[in-house]
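For the record, the sequence lines run as chains A and B. End of the first sequence = 304 in our numbering, gap-free, step of one. End of the second sequence = 1027 in our numbering, gap-free, step of one.
Honestly, the hints are just simulated from the structure, not real lab data. Computed from a prediction, not measured in an experiment: that's the story for all the values here. Each hint should be verified, as a subset may be incorrect.
Quick list of in silico lysine-lysine cross-link-like pairs, BS3-like style, CA-CA up to 27 angstroms [said to hold, decoys possible]:
hint, chain 1, residue 1, chain 2, residue 2
1, A, 131, B, 727
2, A, 212, A, 61
3, B, 712, A, 130
4, A, 59, B, 956
5, A, 61, A, 74
6, B, 800, A, 131
7, B, 800, A, 130
8, A, 61, A, 20
9, A, 20, A, 212
10, A, 61, B, 956
11, A, 130, B, 709
12, B, 712, A, 131
13, A, 59, B, 712
14, A, 20, B, 800
15, A, 61, B, 800
16, B, 712, A, 137
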Amino acid sequence: MSENVVEVRGLSRQFGKTMALDEVSLDVRPGLVHGLVGANGAGKSTLMKHLLGLLKPKQGSVRVFGLDPVKHPVSVLERIGYLSEERDLPEWMRVDELMRYTRAYHSSWDQPYAEHLLDTFGLDIAKKVKQLSKGMRAQAGLIAAVAHRPELLLLDEPSTGLDAVVRRDILNAIIRTVAEDGRTAIFSSHLLDEVEQMSDHVFMIDQGKLVLQGSLDDIKEGHQLLSVRFFTERDELPSLEGMLSAQQCGNHWRIVCNGANGQVRESLRRLGGEVTHARNATLQEIFVARVGRNRLAVSEE
Amino acid sequence: MIWELWRTSCVEWLFRIGAQCGLVVWLHWFAKNLGSGKTHEQHVIQGLMIMMLAMTCLFSMTWLNHLDNSRKGFSFRLGFTRPVSTVKLVVVPMMFVTASAVICFLVPAALLGWLWGSSIHLLSLSTGIACLVTCFVASAWAPTTILGRWVGMAIVAMGFLAGMSVFHVQRSDSEPFFLAIGQPGYFEFAWYHYVACSIAAILAVFVTISGVERQRHGEAWRLDMPWTAVLTKLGKRFDTLVSPRQQFASKFRAQCWYEMRRFGYIVLLLGVLAPFFPLFFSILATWVEPNWQGTPVAWILALAICPFVYQLVGAEGSLGLRRKQGATYLSPFDATRAAQNGQLIATKLFIIAACAAAGWLWMGVTAGLYSTLAGKWADWGRIGEVLPNVMENVPGRWRVAAIPTAILVYASSSSASLALGLWLALYPRRIMCGFVVLALHVPLVFWDARQDWALQGLWTAYGYLLAAAILGGGLYIIWKAVSSGYLGSRLFGGACCLWLVYVSTTVAVYVEFVPLNLFPPVVIFLGMSSLLVPLAALALAPLALAAHRHA
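Bound conformation, chain A alone (with noise of 0.2 angstroms):
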């Protein structure tokens, strides 16, 4: 079997006009926590859905486990767990019913698990799934894709309908527990802070395109967000190399750079301004940069 979970080789895939996915190439590896950031209709579902062989890749391939998911949907499926981002889950079964129904998929099911979840999320058992609420059903949806311990766990978009303390608490504690037994997480947000707080490794994807992967810490250490002061009015600044994005704020900008901030530095010193604060970016203002109106079209080391 292969090292990593997930391989994906060069996959695109096209929706009418719409590329929703161009050549993203990417390997997931065991034990870790993944969050996967994108605006809305970037693409992250799509990708979700190729892991799931729920969509045929029409170019590039997918690796789940060293298995083609749609040619091994027994294989995989059995050691993946999902909660879809429509909580989609049949409205006239009864929570038990549900936990039973998706038991007997998995041999791995752990009984006292599932008890204690249910417990901790006080989901009444006897109710059914129409009479539950939208949180409740994110809830029920959770359960059922964790109770098996999954050795992937695949969770789109999991915080919409969760309220804060469900979100904060039992979310990170459920997708943190199963990164330390081991076994993986991929997660789609587009709540950075929760990315943020939740991810090891995150993968940025914009219009279709894998643009920025790594370790969170790399990519927070390869960031940079600079306060930059110049002397004379400036109405725009050049494309600078490294230079992600620039916001001007009356003589000062804010700017967010990656790799060789030295050289943009030095290059701003040029230009006659002067760097007053410097320091790591955020997730948040990466994500900005590098997704958002202000990004520039610079090149990128």
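Start from chain A and add chain B according to the hints.
Just chain B now, with coordinates in the frame of chain A:
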């Protein structure tokens, strides 16, 4: 609002009007070619056409879509948060639905009148249709429960039937209803008919506005009748009864339970209720004509037809597709089951077959019980004599082979229905175009028959082409399903065993009973290639499911 309604229904509108006009033209041509120039026959055909046009307009998809039972009450709930008064929110879509139904009727009906050269009372018929559609829409939108919706619709339907009966009796026509409605002046309304229709429609609009106003503010009409409590209790009892008491021993059992809950009990319920049709028919026929001896025929017909009815209902129910924002899709919950497509399909086919078998047996038991209790066994006499003689002539090995053959044929036809349903959701236009092309051949066949088969070369070429398509397509489907892993080797092996029995039995029967030199080579070639159909049909449903599951 009108743009929104037009945008979501214009394709269906144009399709319906086009299809109905096409049907009117085709029927006119067909009736002419059959030499049906007599006024009497013309009235019957015209009457049936008027009824058909009116009925299809009543149940236009424009408002049938709004009868989706997963959404109770008013269909345009999104409008509740718009700055629009409830009156406008209700009246605009209601008028649109009514007007669209009337136009869908008017265009083909006017064409019918023009082609047949007879005057149809379009104004009175349109008024009647508008009134009925308004009442139906009111019955669908005003109640907030499914039961309330069906009760409302049943009341409207009964009201319509009562109204039609009174109207027919008032006209004091000596002819039966279906003959009378084709006559030119039949639907001529008096002023009080228009007044009655208008009052009914206005009442329906007011009831709907009142009901929707309550729904907009989170209230509902409640009918706390005794039966509501009883039904709730029965529902809970049913849930407890069918709920699994312990863990499922295997994936297959879990999936069977799931499919059974999803659609199996509906097929079973249908199976329990279906025998009441031949039963009532037999009782009614005996009541009208005490010496009626058609009981066996009625029950044999019911026994022959019911498995296919159960199959169609089961196949439709087992699709498990969902609709959201105009898109049809397989729910991720179903799509992420750790099972092969073949296994998921096999479970569906098993439940369809099991429920159909139970329903069929129940039909047989009811036939026996009725014949015993009503003393009708004497009517079965001739069949009772013929059947053992026929069976005696059938060799033992064929009787044994009949069971796996029947299983294969039923499973493969269920699989084909399932595949058609799944693909129809993905490619409705292509499939409909295919059907239209096929239907266009029917008048060609009739025409050619009258020309003493002048196009025999074309039909022979079609025969060879069809045979080649069956062989090529069938082998490709099987190869695709097996090589892509959609159909597992165990399931495929089982299907092949059944298929070999089927092929050897069919060939043996033909060799024994049918002299092959009677048929032209094209028929023999077609017959031989069609032997592949059951196996290919079995591989079809996993492929169709894969089209949804793996997109």
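Evaluated hints:
1. A:131 - B:727: Answer holds: residue 131 of chain A to residue 727 of chain B is near 22 angstroms, not above 27 angstroms.
2. A:212 - A:61: Measuring from Cα to Cα gives roughly 16 angstroms; hence the hint holds.
3. B:712 - A:130: holds (12 angstroms)
4. A:59 - B:956: holds (15 angstroms)
5. A:61 - A:74: Holds - the C-alpha atoms of residue 74 of chain A and residue 61 of chain A are around 14 angstroms apart, at most 27 angstroms.
6. B:800 - A:131: Within the cut-off at roughly 22 angstroms; holds.
7. B:800 - A:130: Measuring from Cα to Cα gives roughly 25 angstroms; hence the hint holds.
8. A:61 - A:20: holds (14 angstroms)
9. A:20 - A:212: holds (15 angstroms)
10. A:61 - B:956: With Cα atoms ~17 angstroms apart, residue 61 of chain A and residue 956 of chain B stay inside 27 angstroms; holds.
11. A:130 - B:709: With a Cα-Cα distance of about 15 angstroms, the restraint between residue 130 of chain A and residue 709 of chain B holds, given a limit of 27 angstroms.
12. B:712 - A:131: Cα-Cα ~11 angstroms, so holds.
13. A:59 - B:712: Between residue 59 of chain A and residue 712 of chain B the Cα gap is close to 41 angstroms, so the pair fails against 27 angstroms, i.e. violated.
14. A:20 - B:800: holds (21 angstroms)
15. A:61 - B:800: holds (25 angstroms)
16. B:712 - A:137: holds (23 angstroms)
When held up to the earlier numbered hints, the structure conflicts with hint 13 and nothing else.
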